[in-house]
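Protein chains: 2
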Amino acid sequence: MGSSKRSAGRPSKPVLNREMIAQQALELVIDRGLDSLTMTQLSKKLGVAASALYNHVDNKADLVLLIQDALVSQVSLKGMLGLIDGEVTLTDALEDWARSYRAVFANYPSLIPMIAITPVSDAPQTLRMYNVVAQAIMSAGIPDDAVIRVIVSFESFLFGSALDVNAPSDVLDAGEQSTDSAWLKQAIGAAQAPSEQQQSTRPHAEALGEVRNAYAEPPFQYGLAALIRQTLELVEERV
Amino acid sequence: MGSSKRSAGRPSKPVLNREMIAQQALELVIDRGLDSLTMTQLSKKLGVAASALYNHVDNKADLVLLIQDALVSQVSLKGMLGLIDGEVTLTDALEDWARSYRAVFANYPSLIPMIAITPVSDAPQTLRMYNVVAQAIMSAGIPDDAVIRVIVSFESFLFGSALDVNAPSDVLDAGEQSTDSAWLKQAIGAAQAPSEQQQSTRPHAEALGEVRNAYAEPPFQYGLAALIRQTLELVEERV
Chain A
1 MGSSKRSAGR
11 PSKPVLNREM
21 IAQQALELVI
31 DRGLDSLTMT
41 QLSKKLGVAA
51 SALYNHVDNK
61 ADLVLLIQDA
71 LVSQVSLKGM
81 LGLIDGEVTL
91 TDALEDWARS
101 YRAVFANYPS
111 LIPMIAITPV
121 SDAPQTLRMY
131 NVVAQAIMSA
141 GIPDDAVIRV
151 IVSFESFLFG
161 SALDVNAPSD
171 VLDAGEQSTD
181 SAWLKQAIGA
191 AQAPSEQQQS
201 TRPHAEALGE
211 VRNAYAEPPF
221 QYGLAALIRQ
231 TLELVEERV
Chain B
1001 MGSSKRSAGR
1011 PSKPVLNREM
1021 IAQQALELVI
1031 DRGLDSLTMT
1041 QLSKKLGVAA
1051 SALYNHVDNK
1061 ADLVLLIQDA
1071 LVSQVSLKGM
1081 LGLIDGEVTL
1091 TDALEDWARS
1101 YRAVFANYPS
1111 LIPMIAITPV
1121 SDAPQTLRMY
1131 NVVAQAIMSA
1141 GIPDDAVIRV
1151 IVSFESFLFG
1161 SALDVNAPSD
1171 VLDAGEQSTD
1181 SAWLKQAIGA
1191 AQAPSEQQQS
1201 TRPHAEALGE
1211 VRNAYAEPPF
1221 QYGLAALIRQ
1231 TLELVEERV
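Chains as they are written, first to last, in this note's numbering: chain A, 1 to 239; chain B, 1001 to 1239.
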């Protein structure tokens, strides 16, 4: 604010908190890669002494938990909450959650192996997501004993799909020197190249869970449709 | 060999080649983590000067390609080759390939993000795998224009499933202090704990594509069944 008087002494700095630490840690990973995610580098980026950082984060494992929670809190629960309220279908809720989940994690591919194996018990936003998803799909008629395998099978597919978003469009191209890849070449030639229209130009495309790599879309739709159908049948089997 | 004469001078060392380099690189990742996978560390492990390593591997990207190819060469193509010969069904071929693929990559979770985005054009074993899989599923009646989305959707699921194999069995446990996770707790309580029988004691379990974490099995079976069914229908739609 232009009218505020300059304070004496050191410039005021926002008080360190876990949200701020998570945000700066994610920036560090995006800007400089996963190898840079150390307590030392992070305290440098925050402009604080390492001891100050350790007041808020116990160790590297705690930092991973913090990052996981910050990412998961970005995943849309709108569809699942709508399902609980009886306002959207199971299909729409699963699709909303899955697209948003993939879009969030596609920004941080190098973190996925760590996050996939990090227990959720001390990550409140992550616990909340699983609890809402469990409540929603149970309320839609998924049997209690199937809830975990449904969630984990979707997540496995979503983690892998988030990685695929980052693959170059020619990741499967056989190249020129190969002589023994005639079938692969035929398959690639036959696969429809994504049209300009599929490359979304809508505003808020990212908020809608859309991703940049249009080549990743057909396999994602294919697998997601397979998982959703199988899940709908769990409900039908019950009635 | 006890009877061999001790040779004069330096002990003979096997000549450096790309297979040996890939093997030592994989050991380095397992023993000391992905961060240790540098050209410097690798040349140390190989006991050669960095310049000798650079005679065989151009740079880190080339090293990743080499590792990818070494891993992919471990994936079973038995089912797919059997499908080409008309000896096994499409379902059995997909299941053999998928289980083996997951088992191989489950050993190297930290490499998955890199491998998922590495173009295959200079990796001969990888090209061969894709070519055999494409030929096999085309011969079973999958339309040419669907082959790539089938393969990539399976791979997305398999990469994520390989990560899930490494998750601790309590990865979704809510813990004690949580108050807002009643639905999640109910779902976890209802999920069948894997029985002792599911924990395979068969010999050659790993060769059969089985993995250690039995908790990962129900979601894997669920998702794999969904993908296989959807793929079988691509054939049915044609006839």
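Worth flagging that the hints you see were computed from the coordinates, not collected in a lab. One should not assume that every hint holds.
Stretch by stretch, here's where chain A covers chain B in the computed footprint (C-beta under 8 Å, at least three residues) [said to hold, decoys possible]: (1) 1058 to 1066; (2) 1074 to 1084.
Computed Cβ-Cβ distance ranges for the label pairs, DEER-style [as the list claims (entries may be wrong)]: (3) B:Val1235 <-> A:Lys185: 16 to 24 Å; (4) B:Asp1035 <-> A:Gln23: 17 to 25 Å; (5) B:Gln1221 <-> A:Ala52: 25 to 33 Å; (6) B:Gly1033 <-> A:Gly189: 34 to 42 Å; (7) A:Asp85 <-> B:Ala1061: 21 to 29 Å; (8) A:Gly189 <-> B:Arg1238: 12 to 20 Å; (9) A:Gln221 <-> B:Arg1238: 15 to 23 Å; (10) B:Val1235 <-> A:Val235: 23 to 31 Å; (11) A:Asp85 <-> B:Val1235: 27 to 35 Å; (12) A:Ser169 <-> B:Gly1189: 52 to 60 Å; (13) A:Ala61 <-> B:Gln1023: 49 to 57 Å; (14) A:Arg229 <-> B:Ala1049: 54 to 62 Å; (15) A:Ser169 <-> B:Ile1030: 30 to 38 Å; (16) B:Gly1175 <-> A:Lys44: 26 to 34 Å.
Fair warning: this is a prediction, and the values are worked out from it, not measured in the lab. A virtual CB, placed ideally from N, CA and C, is assigned to each residue, including glycine.
Quick rundown of the hints versus the structure:
1. 1058 to 1066: Not satisfied, violated; 0 residues make the cut.
2. 1074 to 1084: violated (count 0)
3. B:Val1235 <-> A:Lys185: 16 to 24 Å: holds, 22 Å
4. B:Asp1035 <-> A:Gln23: 17 to 25 Å: Cβ of aspartate 1035 of chain B to Cβ of glutamine 23 of chain A: about 23 Å, so the range 17 to 25 Å holds.
5. B:Gln1221 <-> A:Ala52: 25 to 33 Å: For glutamine 1221 of chain B and alanine 52 of chain A the Cβ distance comes to about 48 Å; the hint is violated.
6. B:Gly1033 <-> A:Gly189: 34 to 42 Å: At roughly 40 Å between Cβ atoms, glycine 189 of chain A and glycine 1033 of chain B fall inside 34 to 42 Å, so the hint holds.
7. A:Asp85 <-> B:Ala1061: 21 to 29 Å: violated, 50 Å
8. A:Gly189 <-> B:Arg1238: 12 to 20 Å: holds, 19 Å
9. A:Gln221 <-> B:Arg1238: 15 to 23 Å: holds, 20 Å
10. B:Val1235 <-> A:Val235: 23 to 31 Å: Holds, at about 27 Å.
11. A:Asp85 <-> B:Val1235: 27 to 35 Å: violated, 40 Å
12. A:Ser169 <-> B:Gly1189: 52 to 60 Å: violated, 45 Å
13. A:Ala61 <-> B:Gln1023: 49 to 57 Å: The hint (49 to 57 Å, Cβ to Cβ) is violated, given that alanine 61 of chain A and glutamine 1023 of chain B are roughly 30 Å apart.
14. A:Arg229 <-> B:Ala1049: 54 to 62 Å: Holds, since arginine 229 of chain A and alanine 1049 of chain B (Cβ atoms, about 57 Å apart) stay within the stated range.
15. A:Ser169 <-> B:Ile1030: 30 to 38 Å: holds, 32 Å
16. B:Gly1175 <-> A:Lys44: 26 to 34 Å: holds, 32 Å
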